[in-house]
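Colleague: This is what each chain is made of:
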Amino acid sequence: MWDYTDKVMELYRNPKNVGSIEDADAIGEAGSLSCGDMLKIYLKLDEKGIITDAKFQTFGCGSAVASSSILTEMVIGKHIDDARKITNQEIAEALGGLPPEKMHCSVMGHEALEAAIANFYHEDVKCPEKGKVICKCFNVTQETIESEIKANNLKTLEDIMNYTKAGGACGKCQNEIKRILDETIQSEKPLTKTQMILKINNVIDKYISSELRKDGGDIELIDVEENKVFVKLSGKCQSCNRSQLTLTHFVEATLREHISPNIEIIQV
Amino acid sequence: MSDEKKLIYLDNNATTKVDEIVLEKMIPYFSKLYGNASSMYDLGAKSAQAIKAAREQMMGLFNANDPKEVFFTASGSESANMGIRGILAADTTKKHIITTKVEHPCVLNLYKKLEKQGYNVTYLNVNSEGALDLNELEEAVNEDTALVAVMAANNETGIIFPIEKISQIVKSKNPKTKIYVDAVQAAGKISIDAQKWNVDMIGVSGHKFHAPKGIGALYVKTGTLFVPLIEGGHQERGKRAGTENVPSIVGIGQAAEYALAGLADESTRVKDLRNKLETSILKTVFNARLNSSLVNRVPNTTNIGFEYVEGELILLHLGDKGICASSGSACTSGSLDPSHVLKAMGVPFTALHGSIRFSLSRFTTEAEIDYTIKVLPEIIEKLTKISPFQRELKELKDVKSGND
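As you go down the protein sequences, you meet chains P and Z in turn. In this text, residue positions in the first sequence follow numbering that gives the first Met the number 0: the first is 0, and each later residue adds one. In this text, residue positions in the second sequence follow numbering that gives the first Met the number 0: the first is 0, and each later residue adds one.
Check the hints yourself; a few may be wrong.
As a list, the in silico SDA-like pairs of lysine to any residue whose alpha-carbon atoms are at most 20 Å apart [said to hold, decoys possible]: (1) Z/K320 - P/M0; (2) P/K171 - Z/K320; (3) P/K227 - P/P189; (4) Z/K100 - P/C169.
Under 8 Å between C-beta atoms, here's a sample of chain Z residues computed to sit facing chain P [to be verified]: (5) I26; (6) E380; (7) K384; (8) P387.
So the derived label-pair ranges between C-beta atoms look like this [what the hints assert, rightly or not]: (9) Z/G401 - P/G18: 18 to 28 Å; (10) P/K135 - Z/A47: 56 to 66 Å; (11) P/D2 - Z/E135: 58 to 68 Å; (12) Z/K172 - P/G18: 37 to 47 Å; (13) P/K171 - Z/E137: 27 to 37 Å; (14) Z/K342 - P/G96: 42 to 52 Å; (15) P/T51 - Z/K16: 47 to 57 Å.
Please keep in mind that the hints were generated in silico from the structure rather than gathered at the bench. Just so you know, even glycine gets a beta-carbon here, dropped at the ideal spot from N, CA and C.
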């Protein structure tokens, strides 16, 4: 027997907002029958973008019903852009917590809400088929695994199974999941100064120098202090009156894309 | 009786209530008769005598030739591990072993481990009714086959495997191949017959037939070589060390005697109640389907899939009404994978996650079955309204009502 909170028990017994909205302004789905849980959420909005009604239909366990029910209550009265900020952790917290093995129910709620909002804005819905599927049993992509690791600060394979179900059936993809976990955690860690210098030099060699050389110039890395990158332009770039634009629009942008969005270029 | 106080226990394949008469027989061995069976004084001798009597009772349950063929263990899982590992350790020259895809984890997980240790494993398939293809078994047995482990009755569906036929096939292809039978779900429900079955080992667990938890037994045919799993003292003729759990041994012995005596009740009264429950659900609940064969089942078990609703949710609502059952849904367990047994049978996804096992016992009453028949359709009706598969459910309902 799961250690469900009173709130979960109350809501699986008497869920609120069950059903569909005939003329819904937004509909979102997450999960599937084959995976063992699925949620469909319907939203009705007024002309100001406030969610005036929300309903759900769930194929899932007690915590899936409770998560879906509480989510509909959380979004009613909110502007759609504020609803978008609701996290799966907030869904779980509103229930007084979920057993770790059931956190994927809150993730499913968050995914269905995201899908509904994307549907409202006619955005592309994140489609599992578009990413590399890591867990074939539950059709979980690398992108989903990475985003849940970051969003929920997941640390172990077990955490990933609890939040995404990936790796929880045949288990054949568990080594691949561990690799993604290690790489994602590693990418989240701040780089040491030596790592930063090596990485910046790699990006300069691969993407930047060759372009500057075409114009008779070049660039040299002088020093790094946290996110501040000190560089020196050489050749024609040094005397070019558009050198500052080159530094910000090309050099800084390239380093930000490949290393960190916080990088700041300083010319010495 | 109010709903709060009602307890209708229909999960007897998970565990059973200890029979009060069994409990009474056990109690003196906790207090007054607490001697160590190995001790050389009267208090110890009384324990030794109680174990001897229980061994003879177990001999009756197994239809063994000799009480020396009975060993006491702590569980069905220990019986399986002791038997399978013991046989393989006694002859390490052969590296092929066979089992089925629908075994209990105590066999399947052990086989997976053996596979990693270099054994070549054949996992036999079952058909949609849970039956084994005996031709596949015949083709699988070869000169290198050390062991076939097969269950007598499946814990989830109640399907009975034809052990006598299996044994004939295996022994005719390779007389040296040993056979381990997991009879945990057969004990107390159908006859276990070591003579007729002609197998080498049979494992049972006490708490599945009204003995306490923590006691099991293993039948080992005379002359079968096996290496002990637990080394230590001379208990169980040196094959299973550890001071004997005398009260529980007394309990399993007594429960075995009652189980044998109750087989007629199981095959008539319990079977009638199971059939009443099953027939009523299949008739009144439009999205219900039977997950097994109508024939060749133990008398107490039925497994029903409710399409487009989820098993844990059904169990929670049944629990609110005081009804205890079990589900093949992944959500009821630590695992995220639904029942391997139902998957092996090819139960469709529409019903796989919403499958419920009801298992009765000699203590199940008709009033309890009537109450379950009354409340279950209301619960399923309520849950189908929450399901996102409204169109599919309507189509299913139309098809079913059209057939009527």
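Colleague: So which of the earlier hints does this model not fit?
Modeller: Hints 2, 5, 6, 11, 12 and 14 contradicted; others consistent.
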